[in-house]
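Quick mapping for you: the protein sequence lines, in order, are chains A and B.
The first sequence lines up with residues 1 to 207 when you count with my numbering.
The second sequence lines up with residues 1001 to 1207 when you count with my numbering.
No wet-lab data here; the hints were simulated from the structure.
The beta carbon of each residue, even a glycine, is placed where N, CA and C say it ideally should be.
Careful: at least some of the hints might be erroneous.
Pairs of lysine-lysine residues, derived as BS3-like cross-links and limited to a Cα-Cα distance of at most 30 Å, are as follows [to be verified]:
{"no.": "1", "chain 1": "B", "residue 1": "Lys1108", "chain 2": "A", "residue 2": "Lys19"}
{"no.": "2", "chain 1": "B", "residue 1": "Lys1203", "chain 2": "B", "residue 2": "Lys1035"}
{"no.": "3", "chain 1": "A", "residue 1": "Lys19", "chain 2": "B", "residue 2": "Lys1161"}
{"no.": "4", "chain 1": "A", "residue 1": "Lys192", "chain 2": "B", "residue 2": "Lys1016"}
{"no.": "5", "chain 1": "A", "residue 1": "Lys35", "chain 2": "A", "residue 2": "Lys16"}
{"no.": "6", "chain 1": "B", "residue 1": "Lys1203", "chain 2": "A", "residue 2": "Lys161"}
Restraint-style ranges between C-beta atoms, simulated for each label pair [as the list claims (entries may be wrong)]:
{"no.": "7", "chain 1": "A", "residue 1": "Ala113", "chain 2": "B", "residue 2": "Lys1019", "range": "18 to 24 Å"}
{"no.": "8", "chain 1": "A", "residue 1": "Lys16", "chain 2": "B", "residue 2": "Asp1155", "range": "26 to 32 Å"}
{"no.": "9", "chain 1": "B", "residue 1": "Gln1109", "chain 2": "A", "residue 2": "Glu152", "range": "53 to 59 Å"}
{"no.": "10", "chain 1": "A", "residue 1": "Glu160", "chain 2": "B", "residue 2": "Asp1090", "range": "24 to 30 Å"}
{"no.": "11", "chain 1": "B", "residue 1": "Asp1151", "chain 2": "A", "residue 2": "Asp149", "range": "51 to 57 Å"}
Far from chain B by the CB rule (all over 12 Å, computed), these chain A residues [claimed, not checked]:
{"no.": "12", "residue": "Phe95"}
{"no.": "13", "residue": "Arg117"}
{"no.": "14", "residue": "Lys123"}
{"no.": "15", "residue": "Ala124"}
{"no.": "16", "residue": "Arg127"}
{"no.": "17", "residue": "Glu152"}
{"no.": "18", "residue": "Leu158"}
{"no.": "19", "residue": "Pro162"}
{"no.": "20", "residue": "Met188"}
Number of protein chains: 2
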Amino acid sequence: MTDDAPHDENARHAEKMKKIKAARDRMMATKTEEKGLIIVHTGPGKGKSSSGFGMILRCIAHGMPCAVVQFIKGNWITGEAEMIRTRFADECRFFVSGEGFTWETQDKQRDIAAAQRGWEIAKAQIRDPEIRFVLLDEINIALRYDYLDIDEVVDFLLHEKPAMTHVCLTGRNAKPELIEAADLVTEMTLIKHPFREGVKAQKGVEF
Amino acid sequence: MTDDAPHDENARHAEKMKKIKAARDRMMATKTEEKGLIIVHTGPGKGKSSSGFGMILRCIAHGMPCAVVQFIKGNWITGEAEMIRTRFADECRFFVSGEGFTWETQDKQRDIAAAQRGWEIAKAQIRDPEIRFVLLDEINIALRYDYLDIDEVVDFLLHEKPAMTHVCLTGRNAKPELIEAADLVTEMTLIKHPFREGVKAQKGVEF
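Okay, chain A solo, but in the shape it has when bound (with noise of 0.2 Å):
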């Protein structure tokens, strides 16, 4: 009988689906340890920034209070940053380290001091107990020029960072020692860019 044809796809498609869910449900089972992670998000693409701001976003949901400390992007006044300053003061600790990317403060020793007081306010966010959820955005730019020194700051996090405290680091070129040190890293490549054909930066999408 063709007209059972469908009705066979479907029985063979639930069969399937049946067999994945029951892999993945005892995959899952053997998941069960629960501890602050040390995530990274690096990389040349898109995202790394808009990402660990969706990750605040989940932590305010989800009632976790929570800390941004955002190195060398200070000039540049993005959305989220905005947002959260704004509309979330109560949910999210926000300070900024830093008067822009290098390239416009022109003024090493300046820069080296505004990360060295970055990573202060950081420590003291990472270790206070009420907080769940620190996002360093950008600080990956901060250690690449070592204005920071990354032996200091991975032996902190490996050490002195609350068992259950989770910390996101944001920002190109990540070392490798953090990489090493990290529980869940991804890397953000660009396939495609609108730069390229001339198109500038946009509110919503860049900033």
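Guided by the hints, dock chain B onto chain A, whose structure is given.
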């Protein structure tokens, strides 16, 4: 005079940064076009949906009305979805299409019908001249299983999307036709994931 050494280094740094800034300013001056972008977040790494929601946060901050259509992921209540629904209902429209990943429903015809309903909603939101940014979260999964016709979706984005509206499509395994049509494509690459070490999905990080 040895005391001049740090001063000299500062001067060299300032000179170098001045040149970088000038080159960057010249480059950015050539980027003058504004247009609504077709944005794709794909790849097996994290951050595809969360950076899409980060962009939504940016749009809300800039006063740009926006819309989210969630495909497939229906019964997985994420923090950011809950946040948009409860706190930003006036600024961002929110729609759910589907009832969970396909291995949860085990019913292909129901999944196809849900994907089609989601696409009808998506088209209406994209066509709406009030809406400046539309996030089609996890639509790539529906496209991958051919629950939606890739040619129809690409044709609509290229020829019926209003010129200034941004559309962001997320999910693994983006089809080549979509990547070809897109303006801005980022692949999230998995470098390290804590599931491998037995750590379960956690609030704020995974959902």
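message = Of the numbered hints stated earlier in the document, which are not met by this structure?
response = Checked against the structure, the hints that fail are numbers 2, 3, 5, 10 and 20, while the rest are satisfied.
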